[in-house]
Each structure stands twice: as structure tokens, then as C-alpha cells.
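Q: Sequence:
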Amino acid sequence: MIRACIALASLIGASAFAPSGRMASSSALKMGFESEIGAQPPLGFFDPLGLLKNADQERFDRLRYVEVKHGRIAMLAVLGHLTTTAGVHLPGEIAYGTKFSDVANGLAGLFGPNAVPQQGLCQLIIAIGAADLAFTNYAQPEVEAFCAANAGSLDLDKKKAIELNNGRAAQMGILALMVHEKLNNDPYIINSLLGAPVPFNA
0 MIRACIALAS
10 LIGASAFAPS
20 GRMASSSALK
30 MGFESEIGAQ
40 PPLGFFDPLG
50 LLKNADQERF
60 DRLRYVEVKH
70 GRIAMLAVLG
80 HLTTTAGVHL
90 PGEIAYGTKF
100 SDVANGLAGL
110 FGPNAVPQQG
120 LCQLIIAIGA
130 ADLAFTNYAQ
140 PEVEAFCAAN
150 AGSLDLDKKK
160 AIELNNGRAA
170 QMGILALMVH
180 EKLNNDPYII
190 NSLLGAPVPF
200 NA
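So the sequence shown is residues 0 to 201, counted in numbering that gives the first Met the number 0.
Among the hints, a few may not be true.
[Said to hold, decoys possible] Here are the computed lysine-lysine pairs in the PhoX-like style, where the Cα-Cα straight-line distance is at most 20 Å:
id, residue 1, residue 2
1, Lys98, Lys158
2, Lys68, Lys181
3, Lys159, Lys68
[Stated by the list, open to error] Here are the computed distance ranges between Cβ atoms for each label pair:
id, residue 1, residue 2, range
4, Arg71, Gly43, 22 to 30 Å
5, His88, Pro40, 37 to 45 Å
6, Glu141, Ile161, 21 to 29 Å
7, Asp55, Asp185, 39 to 47 Å
8, Val142, His88, 45 to 53 Å
Hints listed in this document are in silico derivations from the structure and should not be mistaken for laboratory results.
Even for Gly, the Cβ is constructed at its ideal location relative to N, Cα and C.
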């Protein structure tokens with residue numbers, strides 16, 4: 000399980016620090032994209048799996064789109080993990096006879112005796128899929144146009160770099176929470192090391 004998680008982390012983060020991709024050799028990419036968004040100290044241009052080797056702009060744009068999207072999902076996942084661990088749950092039932100507060104936190108909410116029932120899981124998948132399709136197919140152009148028109152004096156490149164870094168950190172963060180949950184059911188191990196353990200699914 001741990002090896003699978005490590006392999007997954009490598010694949011998710013492989014292009015995380017990769018800036019713009021143009022048709023060029025690896026060394027040319029390294030030299031030519033140090034100032035691009037995402038190629039920031041201390042790593043600079045970072046593409047250990049060579050996903051951008053000989054890539055064109057379309058390939059890079061697709062990888063960056065996926066990276067940003069995964070980063071946003073990971074930020075929501077970390078927020079959800081913290082919120083439910085603190086005991087805050089939606090009111091009502093996720094499935095007939097099962098309250099939101101009855102579902103375990105973390106991975107135990109998907110696999111285990113107190114996991115989300117199949118009916119509730121189907122509802123979640125359909126709702127998330129519908130929201131994603133609606134945004135991608137209908138709302139995204141309007142949102143992008145609104146942001147472009149109302150950005151004003153904001154430093155958009157700086158904001159994009161902040162979002163990228165926060166998303167990258169969240170991807171590593173949610174992975175760490177999942178790994179430590181499976182190791183010893185103590186995802187907030189740093190709190191434990193500092194003498195303030197957080198009860199988890201106790």
C-alpha cells in the first residue's frame with residue numbers, strides 16, 4: 000500500500016514544477032523556462048519523468064490545466080479532512096438511515112465498517128461529476144472573462160504562482176494524511192509529536 004502511495008505521489012507531482020513546454024531539448028527547456036510560472040526556487044524547472052520532453056504548447060497547457068485542477072481538489076480534500084476531524088458535519092442523512100455524522104473520517108469513510116453507503120457514494124459521484132461538467136462546459140468561459148475584466152491592478156502571475164504552490168502543497172498534504180492514517184490511524188502525526196494529539200475516528 001505504501002509503495003503504491005509513493006508511486007502515485009511521484010506520478011501526481013511529476014509535472015508539478017514544470018513550466019511552459021515548447022519544442023526543445025531537455026537542456027534548452029531547463030535554460031529557457033526558469034522565469035515561467037511554476038518554475039520557482041528552490042527547484043526551478045523540475046520535470047524528473049520528462050513529461051515535457053519535446054512537448055508543444057498544447058501539451059504543456061493540458062498538463063498545467065490538470066495540475067491546477069488536482070491542486071484545487073487537494074485543497075478541498077485537506078479542508079474537508081480538517082473540518083470533519085473537528086466534528087463538523089452536514090446535517091441530515093447521506094443515505095437512508097445513515098447520517099453524515101455517522102460516517103468515519105478520512106479513508107475510513109470510504110473503506111470500513113462506518114464508510115459511506117453505496118447509495119450515498121453514488122450520489123456524491125453524480126453530484127461532483129455534474130458540477131465539474133457544468134463548470135467546464137458552461138461556466139468556465141464566463142468566469143475567465145469576468146476575472147480578466149475585473150482583475151484590475153492584481154498581479155495575476157503572482158496569484159497564479161501562489162495557487163500552484165498551494166495546490167502542490169495540498170497534494171502532498173492529503174497524501175501524507177492518507178498514508179499516516181493507514182500506518183497507525185494518526186494522520187495528524189505532527190500534532191502528536193508536539194504533544195497535542197488529535198483524536199481520529201476514536
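Q: State for each hint whether it applies.
A: Each hint, compared with the structure:
no.	hint	verdict
1	Lys98 to Lys158	violated (39 Å)
2	Lys68 to Lys181	violated (26 Å)
3	Lys159 to Lys68	holds (12 Å)
4	Arg71 to Gly43: 22 to 30 Å	holds (24 Å)
5	His88 to Pro40: 37 to 45 Å	holds (40 Å)
6	Glu141 to Ile161: 21 to 29 Å	holds (23 Å)
7	Asp55 to Asp185: 39 to 47 Å	holds (45 Å)
8	Val142 to His88: 45 to 53 Å	violated (29 Å)
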